[in-house]
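Peer 1: Listed below, chain by chain, are the residues.
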Amino acid sequence: MPIDVTNLTYIYFKKTPFQADALKGVNFHIDDNDFVAFIGATGSGKSTIIQHLNGLLTPSDGTVKVDEFLLTNNKKKNKNIGKLRKHVGVVFQFPEYQLFEETVEEDVAFGPKNFNISKEEALIKAHKALLDVGLNESYFLRSPFELSGGEKRRVAIAGILALEPDILVLDEPTAGLDNEGRDVIMSLFEKIHLEQHKTIILVSHDMDLVNKYAKKVFVVDDGKIVAYGKPKDIFLSYLGHGDLEIPQIYAFCRLLKEKGIDLDVNKIENIDDLIDQIDERIQIKNG
Amino acid sequence: MDSISFGRYVNYDSFIHRLDARNKILLLIALMIMIFMPFSTWSTSLIFSLLYFIILMILMGVSHCSFKSFFKGILSMWFLLLFLIIMFIFIPNPSLSSVPLYTFNESYTIYWDGIYQAAYIFLRLILMMSLTLILTSTTKPLDLTYALEWYMYPLNIINFPSHTIAMMISIALRFIPTILDEAKRIMKAQESRGVDFSRGGLFKKVKAIISLIIPLFVSAFDRSQQLSDAMEARGYDPNSKRSRYRKLKFHLKDLISALIILPIVAFIMYLSIAQNDLDIIYTLFKVEVGF
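Taken in sequence, the protein lines are chains A and B.
Okay, so the first sequence: first residue is 263 according to the working numbering, each after it adds one.
Okay, so the second sequence: first residue is 14 according to the working numbering, each after it adds one.
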């Protein structure tokens, strides 16, 4: 399901003293099976953008088109939002706060049941989603409130996966997790992306994750998209000035450059490339 | 969002904003008593209420209150209005020298007085609303609780925990916006899972509300635990003597406003209690009797 956003404008608290322009004419296109990331400072409008993708917010101006679903500023015409939400699953920041059922499996089955799927079928989907996120049968009948933070988050993510959306939107999915939990969650999303061919839209402050997983990056600043492209190109273009936090590997390259060791950053995309380049230098130096 | 913003503190710098919170509470209570003073006839009461209404509208304008949210608030009370009208019109009040309006089947009469009474009570309700709106939208919630604590201070003699209660109120007020934000967030998360909060039958609605309430309570309990830990970590002790960062000060303008309002209230109370209100007004203002 391709996504087309044209001239998207959103104003919070319209016609009140608190009026604030959150988005000022955003345009972008996301292909099928893409893995894209939105990055930018806090308050730049990333979360506002993604809340338009499943109709949680109605555009103040402009259009959002997801496959055949069209959202405009005319609320009455925006029918089928319910159906759209089945195709676009949004995992919010700290999703563990949305758990409420008595057992893990019922909480995960809650989403599918809302889309008129029978209880039995919903439970089957729930079990599959739970296994996908790495929680086995022993968790199914436990209370979600007695799990650890990382487990709760996985249950909440399973709650969205059980909807079997075509597009998965993730708002800071790794916030507040330790390194291990972060890797587990992110490799889970990568697996879903590769095996089930779902479009993944990631919003994150963690530039290392963005660099590692995303194929395309949109830089959001002050309600506008100021740059987009491959992660490497984006980060290298921001290497010189400090508007944007950059991944550790590029920061490391910059430090090396200050010390007089100038690596060819254009050839570096991940940590292995970096090691190769340094290795090469050492071998040259040793003759 | 609009219904929630009713009565919220709005940061302007008007004369009323600058008054001392304690003074504002005192004047509010005085004005409330004034509004509730009855007069001997419905018509006088109605005229006085309309007079108060005009004055309060001017005060609302002076203190930059939002008329839009005020009238929206009134409109949201339509059910109460309907209920009042039906109750007062159809419950007979034969004790008064009432003028009949209409008689059903020559046995059941409704009176003009019923309509006056309903209108009068509704008007009083609006007056109360606008008064409290002026207070809450011109006074910071914290100042209000300090003022309440100040008024409760004498109760300390009988070991009444006035400070604890003031702290509880200020914490509750402080967390209203936070919990509202949280509720909005959870609603969005559940809407993403297919919950529709606006449509659906009773069972679906109940289920939708449960999916909002339970996470909200869980996070509220978490938050209160964290807050109490943080307060204890910083050495908070409700029984010890505390100093204040912000102090309430009674200025000259407080004295002036009190000296204007309190005599008016006293005068109206005198009129009402003396029950010869009409005579005094006629002699004072030389009004021709036209009723």
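Calculated directly from the structure, the hints in this document are not laboratory data.
One or more hints might be untrue.
[As the list claims (entries may be wrong)] Selected chain B positions facing chain A (Cβ under 8 Å, derived; list incomplete): (1) G207; (2) I223; (3) S224; (4) I227; (5) Q238.
[As the list claims (entries may be wrong)] Think about it this way: if two alpha-carbon atoms lie no more than 25 Å apart in a straight line, the pair counts; the simulated SDA-like pairs of lysine to any residue are: (6) K201/B x A233/B; (7) K220/B x V231/B; (8) K339/A x M200/B; (9) K218/B x E363/A; (10) K276/A x K85/B; (11) K521/A x Y490/A; (12) K339/A x E363/A; (13) K197/B x S309/A; (14) K197/B x Y274/A; (15) K529/A x K486/A.
[Stated by the list, open to error] Anything over 12 Å on all C-beta distances counts as not near chain A; from chain B, calculated: (16) F66; (17) G86; (18) I98; (19) N118; (20) A132; (21) L138; (22) M180; (23) S232; (24) N252; (25) L275; (26) A279.
Everything numeric in this text was worked out from a predicted model, so none of it was measured.
Idealized CB from N, CA, C, for every residue including glycine.
Peer 1: Hints first: check each against the structure and report whether it holds.
Peer 2: The hints, checked one at a time:
1. Residue-level restraint check for G207/B holds (minimum Cβ-Cβ distance to chain A is 3 Å; threshold 8 Å).
2. Of the supplied interface hints, the one on I223/B holds, with its beta-carbon coming within about 7 Å of a beta-carbon of chain A, less than 8 Å.
3. Given hint, S224/B at the interface with chain A, holds; its Cβ is 5 Å from that chain's nearest Cβ, closer than 8 Å.
4. About 4 Å separates the beta-carbon of I227/B from the nearest beta-carbon of chain A, less than 8 Å, and the hint is met.
5. The interface hint given for Q238/B is violated, since its Cβ lies 14 Å from the closest Cβ of chain A, which is over the 8 Å cut-off.
6. Only pairs whose Cα atoms come within 25 Å are accepted, and K201/B paired with A233/B is accepted, the gap being roughly 18 Å.
7. With a C-alpha separation of about 17 Å, the suggested pairing of K220/B with V231/B holds against the 25 Å cut-off.
8. As the CA atoms of K339/A and M200/B are separated by approximately 22 Å, the hinted pair is consistent with the 25 Å bound.
9. Of the pairs offered as hints, the one joining K218/B and E363/A holds, with about 16 Å between alpha carbons and a cut-off of 25 Å not exceeded.
10. Pair hint K276/A plus K85/B holds up; C-alpha atoms about 17 Å apart against a cutoff of 25 Å.
11. Proposed proximity of K521/A and Y490/A is contradicted: the alpha carbons are some 30 Å apart, above 25 Å.
12. Our distance criterion of 25 Å between C-alpha atoms is broken by K339/A and E363/A, whose separation comes to about 34 Å.
13. Proposed proximity of K197/B and S309/A is supported: the alpha carbons are some 14 Å apart, at most 25 Å.
14. Between K197/B and Y274/A, the direct Cα distance comes to roughly 14 Å. Compliance with the 25 Å bound is thereby established for this hinted pair.
15. Between K529/A and K486/A the CA atoms are separated by roughly 30 Å; this puts the pair beyond 25 Å, and the hint is violated.
16. Remark: the non-interface label on F66/B is consistent with the geometry, its nearest Cβ contact in chain A lying 25 Å away (cut-off 12 Å).
17. Here G86/B stays apart from chain A, with its beta-carbon at least about 15 Å from theirs, past the 12 Å limit.
18. With a cut of 12 Å on Cβ distances, I98/B stays outside the contact zone with chain A, its closest approach being about 33 Å.
19. The beta carbon of N118/B sits about 48 Å from the closest Cβ of chain A, which is more than 12 Å, so the claim that it is off the interface holds.
20. The non-interface label for A132/B is consistent with chain A: the shortest C-beta to C-beta separation is roughly 32 Å, beyond 12 Å.
21. The Cβ of L138/B sits about 26 Å from the closest Cβ of chain A, beyond the 12 Å cut-off, so the non-interface label holds.
22. Residue-level check passed: M180/B sits 27 Å from the nearest beta carbon of chain A, beyond 12 Å.
23. Its beta-carbon lying about 5 Å from the closest one in chain A, S232/B breaks the requirement of being farther than 12 Å from that chain.
24. Once the 12 Å rule is applied to beta carbons, N252/B is consistent with being away from chain A; the minimum gap is 35 Å.
25. For L275/B, the requirement that its beta carbon stay farther than 12 Å from each beta carbon of chain A is met, with the minimum near 33 Å.
26. Every beta carbon of chain A lies more than 12 Å from that of A279/B, the smallest distance being close to 38 Å; the non-interface claim holds.
Checked against the numbered hints given earlier, the structure breaks hints 5, 11, 12, 15 and 23 and satisfies all the rest.
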